[in-house]
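K.L.:
Now for the letters of each chain:
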Amino acid sequence: GESVGLHLPTLSVQEGDNSIINCAYSNSASDYFIWYKQESGKGPQFIIDIRSNMDKRQGQRVTVLLNKTVKHLSLQIAATQPGDSAVYFCAENNGDYKLSFGAGTTVTVRA
Amino acid sequence: ETGVTQTPRHLVMGMTNKKSLKCEQHLGHNAMYWYKQSAKKPLELMFVYSLEERVENNSVPSRFSPECPNSSHLFLHLHTLQPEDSALYLCASSQGQDQPQHFGDGTRLSIL
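Here the protein sequences line up with chains X and W, keeping their order.
Take the first sequence: its position 10, counted from the start at 1, is 10 in the numbering used here, and no numbers get skipped.
Just add 111 to the spot in the second sequence (first one is 1) and you have the numbering used here.
The set of hints was computed from the structure by calculation and includes no laboratory data.
Incorrect hints may have been included.
Stated by the list, open to error - Not the full set, but computed from the structure, chain W residues with beta-carbon under 8 Å of chain X:
#1 THR113
#2 ALA142
#3 PRO153
#4 VAL159
#5 SER161
#6 VAL166
#7 LEU201
#8 PRO211
#9 GLN212
C-beta: ideal position from N, C-alpha, C; glycine also.
Isolated chain X (complex conformation) (with noise of 0.2 Å):
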């Protein structure tokens, strides 16, 4: 069936560098797709969103990078912090209401 699935399961990166986390999806019909952020003994956090006309966002510190030809997202996090260290869900959708969710990646920043 149709996945998403993230490229590394961990990420330790040193505090004020920037961070890219990768995913691949494989449904060519999602348009729409989600980054989360799940830290320890909380839900996940929605970060930033993009929908499939779209190839960048921005919001606060983060950037999501969207290619549709190799059906390939990347989350970019600027000056990473201790307080970013978690776990990061990447999501798609294709028009109802089912998100489905990667593994995760486990950022974890250096002091």
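Chain W: place on chain X using the hints.
P.N.:
This is chain W only, laid out in the frame that chain X set:
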């Protein structure tokens, strides 16, 4: 504060018990969801309600029974659960389809 409140935060129950998980959203959304999150696995969608009607039921065992009395409240009634049902149960809400879903902090369920 996420706008989605789940109670209890932790629940330990035996396999023969009956319990209920509660979710309340304060965001004015019209769709609510139950997800199961197990270690090392992606989030699994269990149920979706839109305007208090169930629109999705992802082959969930009948020992899980959802209830949506109004657009702000969602329950998950549990009965005769199995050890493999131990997981984090997350509730979410959204304003319609293909809109961001906002999650609560979950109920950590342990089945003895």
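K.L.:
Take the hints in turn and mark each one as holding or not.
P.N.:
Hints, verified against the model:
1. With its C-beta approaching chain X no nearer than about 7 Å, THR113(W) sits inside the 8 Å limit, and its interface hint holds.
2. With 8 Å as the threshold, the beta carbon of ALA142(W) comes within range of chain X, its nearest partner Cβ sitting at about 6 Å, so the hint holds.
3. With a cut of 8 Å, the hint placing PRO153(W) at the interface with chain X holds, because the nearest CB-to-CB distance is about 4 Å.
4. This hint holds: VAL159(W) has a C-beta 5 Å from the nearest C-beta of chain X, less than the 8 Å allowed.
5. At about 7 Å, the closest approach between the beta carbon of SER161(W) and any beta carbon in chain X falls short of 8 Å, and the interface hint on this residue holds.
6. For VAL166(W), the shortest C-beta to C-beta distance to chain X is roughly 6 Å, which falls under 8 Å, so the interface hint holds.
7. The interface hint given for LEU201(W) holds, since its Cβ lies 5 Å from the closest Cβ of chain X, which is under the 8 Å cut-off.
8. Interface restraint check for PRO211(W): the shortest CB-CB distance to chain X comes to about 5 Å, inside 8 Å, so the restraint holds.
9. The beta carbon of GLN212(W) comes within 6 Å of a beta carbon in chain X, closer than 8 Å, and the hint placing it at the interface holds.
When each numbered hint is compared with the structure, no violation occurs for any of them.
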